[in-house]
Amino acid sequence: MSAPERIPPRSVTPVDQLTVLAKGQLTVRGRVREASNAVLYCGIEYEGVSASCVYKPVAGERPLWDFPDGTLAQREVAAYEISEATGWGLVPPTVLRDGPYGEGMCQLWIEADADAGLLALVEDEEPGEGWKPVVLAEVAEGRTALLVHADDERLRRLAVLDAVINNADRKGGHLLPTADGKLYGIDHGVTFNAEDKLRTLLWGWAGDPLTSEALEVLARVSGALVEGRPLATRLAELITPAEVDAVRARVTALRTTARHPQPSGEWPAIPWPPV
123 MSAPERIPPR SVTPVDQLTV LAKGQLTVRG RVREASNAVL YCGIEYEGVS
173 ASCVYKPVAG ERPLWDFPDG TLAQREVAAY EISEATGWGL VPPTVLRDGP
223 YGEGMCQLWI EADADAGLLA LVEDEEPGEG WKPVVLAEVA EGRTALLVHA
273 DDERLRRLAV LDAVINNADR KGGHLLPTAD GKLYGIDHGV TFNAEDKLRT
323 LLWGWAGDPL TSEALEVLAR VSGALVEGRP LATRLAELIT PAEVDAVRAR
373 VTALRTTARH PQPSGEWPAI PWPPV
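Be aware that the sequence shown starts at 123, since it is given in the numbering used here, and climbs by one per residue.
These aren't lab readings, by the way, just hints derived from the structure by calculation.
The structure displayed is predicted, hence computed values, not measured ones.
Possibly wrong hints are sitting among the right ones.
As the list claims (entries may be wrong) - Derived DMTMM-like pairs (lysine to aspartate or glutamate); straight-line CA-CA distance at most 25 Å:
| hint | residue 1 | residue 2 |
| --- | --- | --- |
| 1 | Lys319 | Asp274 |
| 2 | Lys304 | Glu388 |
| 3 | Lys254 | Glu225 |
| 4 | Lys304 | Asp246 |
| 5 | Lys293 | Glu167 |
| 6 | Lys145 | Asp246 |
| 7 | Lys319 | Asp246 |
| 8 | Lys304 | Glu260 |
| 9 | Lys319 | Glu169 |
| 10 | Lys319 | Glu251 |
| 11 | Lys293 | Asp138 |
| 12 | Lys145 | Glu225 |
| 13 | Lys293 | Glu317 |
| 14 | Lys254 | Glu335 |
| 15 | Lys293 | Asp330 |
| 16 | Lys293 | Glu183 |
| 17 | Lys293 | Asp318 |
| 18 | Lys293 | Glu349 |
| 19 | Lys304 | Glu225 |
| 20 | Lys293 | Glu169 |
| 21 | Lys145 | Glu206 |
| 22 | Lys319 | Asp302 |
| 23 | Lys293 | Asp220 |
| 24 | Lys145 | Asp188 |
| 25 | Lys254 | Asp318 |
| 26 | Lys319 | Asp235 |
| 27 | Lys304 | Asp318 |
| 28 | Lys254 | Glu203 |
| 29 | Lys319 | Glu167 |
As the list claims (entries may be wrong) - So the derived label-pair ranges between C-beta atoms look like this:
| hint | residue 1 | residue 2 | range |
| --- | --- | --- | --- |
| 30 | Glu225 | Thr378 | 16 to 26 Å |
| 31 | Lys145 | Asp367 | 43 to 53 Å |
| 32 | Gly350 | Thr379 | 35 to 45 Å |
| 33 | Pro222 | Asp246 | 46 to 56 Å |
| 34 | Leu243 | Ala371 | 14 to 24 Å |
Glycine residues also receive a C-beta, built at the ideal position from the N, C-alpha and C atoms.
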């Protein structure tokens with residue numbers, strides 16, 4: 123796979139990025155083979171602006187027992203819409219569009235900083251300063267180590283977003299920190315189920331009080347979810363009425379408890395593999 127191209131730094135706004143993604147000419151350049159569904163790395167060009175993106179055609183989605191067939195691309199777009207409503211910009215620009223293999227999700231390619239260090243395995247029983255414990259993991263030759271994530275405000279915001287969208291698969295490989303200090307989360311196909319399915323590595327704040335910033339954001343999102351408002355109307359185009367109602371209920375619950383959720387104990391709380 124060739125190195126990704128970036129959108130040229132000529133004052134390209136997020137709105138411009140969405141236009142390029144929605145209207146640009148897609149050229150498939152490779153496939154991300156580690157993915158369980160079809161994930162195609164593409165170049166895209168529109169009116170002289172070039173970028174790289176990920177295209178996930180609905181036709182390449184693997185059926186899941188707990189999600190309706192052919193809905194993962196829409197859920198990815200819905201996650202972007204919620205992310206934008208928070209104002210945190212945690213999900214890369216994402217659109218639903220036609221492509222070489224039919225309708226699918228098209229998302230701006232993000233070049234991650236491999237040295238960001240958001241996850242670690244430590245042999246101590248307690249994490250060091252600046253780290254949050256996740257789970258005791260088995261490593262080579264029967265030894266165990268503690269999996270930890272950074273006590274990072276960007277991750278904490280993402281944990282709140284995941285609670286709202288009911289993310290059933292927040293793995294370490296879905297965290298994309300960038301060299302300019304931003305953090306993006308990707309792979310949001312298994313989200314928005316009406317049943318509680320939160321599975322994540324970001325349990326470090328479980329049960330802790332939400333920040334005042336998070337509570338303000340949740341209040342804003344709650345208002346945007348009122349029926350007839352643009353966000354509510356857009357979500358109704360992407361997920362089922364029961365799932366939209368469940369989003370509202372999760373936001374209300376977070377605002378009522380004012381705390382990060384905790385694992386229910388009714389199902390595995392951490393996705394596998396975790397990274």
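For each hint, the structure was consulted:
1. Using a Cα cut-off of 25 Å, the hinted pair lysine 319 and aspartate 274 holds, with the two alpha carbons roughly 24 Å apart.
2. Under the criterion of a C-alpha separation no larger than 25 Å, the hint pairing lysine 304 with glutamate 388 is inconsistent with the structure, at around 34 Å.
3. Using a Cα cut-off of 25 Å, the hinted pair lysine 254 and glutamate 225 is violated, with the two alpha carbons roughly 40 Å apart.
4. Straight-line distance between C-alpha atoms of lysine 304 and aspartate 246 comes to about 29 Å, which puts the hinted pair past the 25 Å bound.
5. Our distance criterion of 25 Å between C-alpha atoms is broken by lysine 293 and glutamate 167, whose separation comes to about 31 Å.
6. Under the criterion of a C-alpha separation no larger than 25 Å, the hint pairing lysine 145 with aspartate 246 is inconsistent with the structure, at around 51 Å.
7. Taken as a hint, the lysine 319 and aspartate 246 pair is broken in the structure, with Cα atoms around 30 Å apart against an allowance of 25 Å.
8. For the hint linking lysine 304 to glutamate 260, the alpha-carbon distance of about 31 Å lies beyond 25 Å, and the restraint is violated.
9. With a C-alpha separation of about 42 Å, the suggested pairing of lysine 319 with glutamate 169 is violated against the 25 Å cut-off.
10. Between lysine 319 and glutamate 251 the CA atoms are separated by roughly 30 Å; this puts the pair beyond 25 Å, and the hint is violated.
11. Between lysine 293 and aspartate 138 the alpha-carbon distance is near 30 Å, which puts this suggested pair outside the 25 Å criterion.
12. Pair hint lysine 145 plus glutamate 225 holds up; C-alpha atoms about 13 Å apart against a cutoff of 25 Å.
13. Under the criterion of a C-alpha separation no larger than 25 Å, the hint pairing lysine 293 with glutamate 317 is consistent with the structure, at around 20 Å.
14. Restraint check for lysine 254 and glutamate 335: the C-alpha separation of about 20 Å stays at or below 25 Å, so the hint holds.
15. A threshold of 25 Å between alpha carbons decides the hint, and for lysine 293 with aspartate 330 the separation of about 21 Å falls inside it, so the pair holds.
16. Our distance criterion of 25 Å between C-alpha atoms is met by lysine 293 and glutamate 183, whose separation comes to about 19 Å.
17. A threshold of 25 Å between alpha carbons decides the hint, and for lysine 293 with aspartate 318 the separation of about 17 Å falls inside it, so the pair holds.
18. For the proposed pair lysine 293 and glutamate 349, the alpha carbon gap of about 32 Å is over 25 Å, so the pair is violated.
19. At most 25 Å may separate the alpha-carbon atoms for a hinted pair to count; lysine 304 and glutamate 225 exceed this at roughly 29 Å.
20. Taken as a hint, the lysine 293 and glutamate 169 pair is broken in the structure, with Cα atoms around 36 Å apart against an allowance of 25 Å.
21. Distance hint between lysine 145 and glutamate 206 is fulfilled; the C-alpha atoms sit about 20 Å from each other, no more than 25 Å.
22. The hinted pair formed by lysine 319 and aspartate 302 fails the criterion: a straight-line CA distance of about 32 Å is larger than 25 Å.
23. Restraint check for lysine 293 and aspartate 220: not satisfied, since their Cα atoms lie roughly 28 Å apart, outside the 25 Å limit.
24. Using a Cα cut-off of 25 Å, the hinted pair lysine 145 and aspartate 188 is violated, with the two alpha carbons roughly 32 Å apart.
25. The straight-line distance between the Cα atoms of lysine 254 and aspartate 318 is roughly 23 Å, inside the 25 Å bound, and the hint therefore holds.
26. A distance of roughly 29 Å separates the Cα atoms of lysine 319 and aspartate 235; the hinted pair therefore is violated under the 25 Å criterion.
27. Taking the CA atoms of lysine 304 and aspartate 318, the gap is near 29 Å; set against the 25 Å cutoff, the hint is violated.
28. Between the alpha carbons of lysine 254 and glutamate 203 the distance comes to roughly 29 Å, so the proposed pair goes past 25 Å and is violated.
29. Between the alpha carbons of lysine 319 and glutamate 167 the distance comes to roughly 38 Å, so the proposed pair goes past 25 Å and is violated.
30. About 38 Å separates the C-beta atoms of glutamate 225 and threonine 378, a value inconsistent with the hinted range of 16 to 26 Å.
31. Judged by the Cβ atoms, the range 43 to 53 Å given for lysine 145 and aspartate 367 is violated: they are separated by roughly 33 Å.
32. Separation of glycine 350 from threonine 379 is about 27 Å and departs from the stated range, judged on CB atoms against 35 to 45 Å.
33. At about 50 Å, the CB distance of proline 222 to aspartate 246 agrees with the hint of 46 to 56 Å.
34. For leucine 243 and alanine 371, the Cβ-Cβ distance of about 36 Å falls outside the hinted range of 14 to 24 Å, so the restraint is violated.
Figure legend: structure checked against the earlier numbered hints; hints not met, in rising order: 2, 3, 4, 5, 6, 7, 8, 9, 10, 11, 18, 19, 20, 22, 23, 24, 26, 27, 28, 29, 30, 31, 32, 34.
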